[in-house]
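At position 17 of the sequence shown (counting the first as 1) the number is 17 in my numbering, and the numbers step up by one without a gap.
Simulated from the structure, these hints should not be mistaken for lab results.
Bear in mind the structure is a predicted one, so any value in this text is a computation, not a measurement.
No residue lacks a Cβ here, since even glycine has one placed at the ideal position from N, Cα and C.
Any given hint might turn out to be false.
[What the hints assert, rightly or not] Cut-off 30 Å, straight-line C-alpha distance, at most; resulting in silico cross-link-like pairs (DSSO-like, lysine-lysine):
#, residue 1, residue 2
1, Lys-65, Lys-49
2, Lys-49, Lys-69
3, Lys-57, Lys-69
[Stated by the list, open to error] Per label pair, the in silico range of CB-to-CB distance:
#, residue 1, residue 2, range
4, Arg-44, Gln-7, 36 to 44 Å
5, Glu-75, Arg-54, 35 to 43 Å
6, Glu-4, Phe-35, 36 to 44 Å
7, Gln-7, Ala-42, 23 to 31 Å
8, Ala-32, Val-72, 15 to 23 Å
9, Gln-73, Thr-10, 15 to 23 Å
10, Arg-77, Gly-50, 23 to 31 Å
11, Gln-7, Ala-51, 24 to 32 Å
12, Met-71, Cys-41, 23 to 31 Å
13, Lys-57, Tyr-6, 13 to 21 Å
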Amino acid sequence: MSREQYQVPTGGKDSFGGASGGGTNFAAEVHAPIFYTCGDCAVRVPLEKGAPIRCQKCGARVLYKERTKRMVQFEAR
């Protein structure tokens, strides 16, 4: 697929490709901070979009993303 053929999703109500809304509020999830763990002092650091990637306690720039709390299941071949 060439670059000219790709079309960016518009963000409308049908942009997620599913049938009806499904009850999930995607707008609230977008602005929620994602939590990371500092590599030096192990403090939990909340980051939002556009925030500087730095620990608020020690100033380190090595942050590890926390695992999801949802169940992740893989199917073996």
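Quick rundown of the hints versus the structure:
1. Lys-65 with Lys-49: holds, 14 Å
2. Lys-49 with Lys-69: holds, 21 Å
3. Lys-57 with Lys-69: holds, 25 Å
4. Arg-44 with Gln-7: 36 to 44 Å: holds, 39 Å
5. Glu-75 with Arg-54: 35 to 43 Å: Holds, at about 39 Å.
6. Glu-4 with Phe-35: 36 to 44 Å: 39 Å Cβ-Cβ, so the 36 to 44 Å window holds.
7. Gln-7 with Ala-42: 23 to 31 Å: Violated: the Cβ-Cβ distance is about 43 Å, outside 23 to 31 Å.
8. Ala-32 with Val-72: 15 to 23 Å: Between Ala-32 and Val-72, where Cβ atoms are some 19 Å apart, the hint holds.
9. Gln-73 with Thr-10: 15 to 23 Å: With a Cβ separation near 32 Å, Gln-73 and Thr-10 fall outside 15 to 23 Å, so the hint is violated.
10. Arg-77 with Gly-50: 23 to 31 Å: Violated, at about 40 Å.
11. Gln-7 with Ala-51: 24 to 32 Å: holds, 30 Å
12. Met-71 with Cys-41: 23 to 31 Å: The hint (23 to 31 Å, Cβ to Cβ) holds, given that Met-71 and Cys-41 are roughly 30 Å apart.
13. Lys-57 with Tyr-6: 13 to 21 Å: violated, 42 Å
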